[in-house]
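Trainee: Take a look at the letters that make up each chain.
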Amino acid sequence: GAAWARGLLSWARPERWLASGSLFPLSCIHTSTSLQKIGKWEKKNRIVYPPQLPGEPRRPAEIYHCRREIKYSNDKMWYLAKLIKGMSIDQALAQLEFSDKKGAKVIKEVLLEAQEMAVRKHNVEFKSNLHIAESQTGRGRYVKRLRCHGKGMFGMMKISRCHYFVKLVEGPPPPPEPPRTGFDQAKEYVQQLRNRTLVHTL
Amino acid sequence: VLVLVSSPLPRLRALLQRCWGRLERGLWPSVFGGQSPPWGPALAVQGPALVPQGINDAEALSLPESMVWMAAPKHRRTIEVNRCRRRHPSKLIEIKRNIDVCPECGNLKQKHVLCGYCYAKVKEETRLIRMEIYKKEGRPFNAPTVETVVLYEGEKPTEKDEGKRIIERARKRPSWFVQN
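Residue numbers (the numbering used here), protein chains in the order written: chain A, 2 to 203; chain B, 276 to 455.
So that you can see chain A by itself, here it is in the shape it has in the complex:
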């Protein structure tokens, strides 16, 4: 009886029928994940470049990965993201393993997942040959809750969550920029003075 009813309902589902106008049946585009919006960072993995010409230098592989709604504060996560920016993936994993922060464990998992994805799907040859090009945090959904103090007073606290985004690029990490010395600043100043021209003249 139940199977018959289910069979009837499945027959009656409109998306199972032909799509508007076309003769081919609708493929399962509307899965459960379409109800939640797919973020921009996740879509960055889907871009496909045209094939490279024989003379061009090889384009390094880029892997975008993120984790949403981590139960941690955005500001605190930022310090960890700033720590690993620009490091090689091995160095980043080493630093995060011995960091005492809660977000370090989460970021380590994200990096390992991204490394795995890189090797399996993005045609990366050596899993150590990756460096972190970008690592950012975003704020997730906050929830306001009551926090009880003494003497019947209460305040509102916010339970904060954050997102973490990382972009791995194949290749060794770029060398760090040399710090700006006074000599560089002086050179720039003199150059600015030299660039001045006379306006509204002959």
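Calculated from the structure, these hints are not laboratory results. Treat the hints with caution; some may be incorrect.
As a list, the in silico DSSO-like pairs of lysine-lysine whose alpha-carbon atoms are at most 30 Å apart [stated by the list, open to error]:
| # | chain 1 | residue 1 | chain 2 | residue 2 |
| --- | --- | --- | --- | --- |
| 1 | A | 72 | B | 371 |
| 2 | A | 109 | B | 366 |
| 3 | A | 72 | A | 44 |
| 4 | A | 109 | A | 72 |
| 5 | A | 106 | B | 371 |
| 6 | A | 109 | B | 396 |
| 7 | A | 77 | B | 366 |
| 8 | A | 159 | B | 447 |
| 9 | A | 188 | A | 106 |
| 10 | A | 103 | B | 435 |
| 11 | B | 447 | B | 435 |
| 12 | B | 396 | A | 103 |
| 13 | B | 398 | B | 371 |
| 14 | A | 103 | A | 159 |
| 15 | B | 398 | A | 83 |
| 16 | A | 102 | B | 398 |
| 17 | A | 72 | A | 145 |
| 18 | B | 447 | A | 72 |
| 19 | A | 103 | B | 386 |
| 20 | A | 103 | A | 77 |
| 21 | A | 106 | B | 396 |
Short derived list, chain A residues pointing at chain B, Cβ under 8 Å [claimed, not checked]:
| # | residue |
| --- | --- |
| 22 | 36 |
| 23 | 80 |
| 24 | 99 |
| 25 | 122 |
Here a beta-carbon is modelled for each residue, glycine too, at the ideal position from N, C-alpha and C.
Since the structure of chain A is already known, use the hints to place chain B on it.
Mentor: Quick look at chain B alone, frame taken from chain A:
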């Protein structure tokens, strides 16, 4: 920051009135450091007479003497100022330079700390040995007064282990557990 909601307002008013009462009766002489209080024959504010503005009037009358009250920020700190403080190099996490590779297992370890993997390995084996000991003893607080020797598969007790208690473990001897 404590954000007060309207319901505890009568309590705050009662608290302020109590504080005022104490000050006027001289129960807090130390507030002015020994000098006479700056107010002389000032007006006394009756709370019930001015029901909704009770707090505001009390604050307005005590304005010349409000210097003795709490410190509060005068202006909002802009996000630029906040960023300068939050992103100062002293507040950023320093990179650790004391991370090495464990020669036994190849995992990472800090120089002054035992390797986590090797420690977990030893801890697990110790737990299994302790389970065997518990099975042999039967109940807690039943430890014998002799030494204990752990023997793995295919090992016989030597003449050194004459009077000792022997715990058998049904596996090959691990490489890190050296036999005496």
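Trainee: Does each hint hold? Answer for all of them.
Mentor: Consistency of the hints with the structure:
1. A/72 to B/371: Satisfied, since the Cα-Cα distance of roughly 25 Å is no more than 30 Å.
2. A/109 to B/366: Cα-Cα ~22 Å, so holds.
3. A/72 to A/44: Satisfied, since the Cα-Cα distance of roughly 23 Å is no more than 30 Å.
4. A/109 to A/72: 15 Å, holds
5. A/106 to B/371: 16 Å, holds
6. A/109 to B/396: 22 Å, holds
7. A/77 to B/366: 11 Å, holds
8. A/159 to B/447: Not OK: residue 159 of chain A and residue 447 of chain B at ~55 Å, beyond 30 Å, violated.
9. A/188 to A/106: At roughly 45 Å apart (the allowed maximum being 30 Å), residue 106 of chain A and residue 188 of chain A break the hint.
10. A/103 to B/435: Since the Cα atoms of residue 103 of chain A and residue 435 of chain B sit roughly 50 Å apart, the hinted pair is violated (cutoff 30 Å).
11. B/447 to B/435: 21 Å, holds
12. B/396 to A/103: 24 Å, holds
13. B/398 to B/371: Answer holds: residue 398 of chain B to residue 371 of chain B is near 27 Å, not above 30 Å.
14. A/103 to A/159: Between residue 103 of chain A and residue 159 of chain A the Cα gap is close to 18 Å, so the pair holds against 30 Å.
15. B/398 to A/83: 36 Å, violated
16. A/102 to B/398: Since the Cα atoms of residue 102 of chain A and residue 398 of chain B sit roughly 25 Å apart, the hinted pair holds (cutoff 30 Å).
17. A/72 to A/145: Holds - the C-alpha atoms of residue 145 of chain A and residue 72 of chain A are around 14 Å apart, at most 30 Å.
18. B/447 to A/72: 44 Å, violated
19. A/103 to B/386: 22 Å, holds
20. A/103 to A/77: 9 Å, holds
21. A/106 to B/396: 21 Å, holds
22. 36: Since the shortest Cβ distance to chain B is 35 Å, the answer is violated.
23. 80: 5 Å, holds
24. 99: With a minimum Cβ separation of about 6 Å from chain B (threshold 8 Å), the hint on residue 99 of chain A holds.
25. 122: 27 Å, violated
Hint compliance for this structure: hints 8, 9, 10, 15, 18, 22, 25 are not met, and every other hint is.
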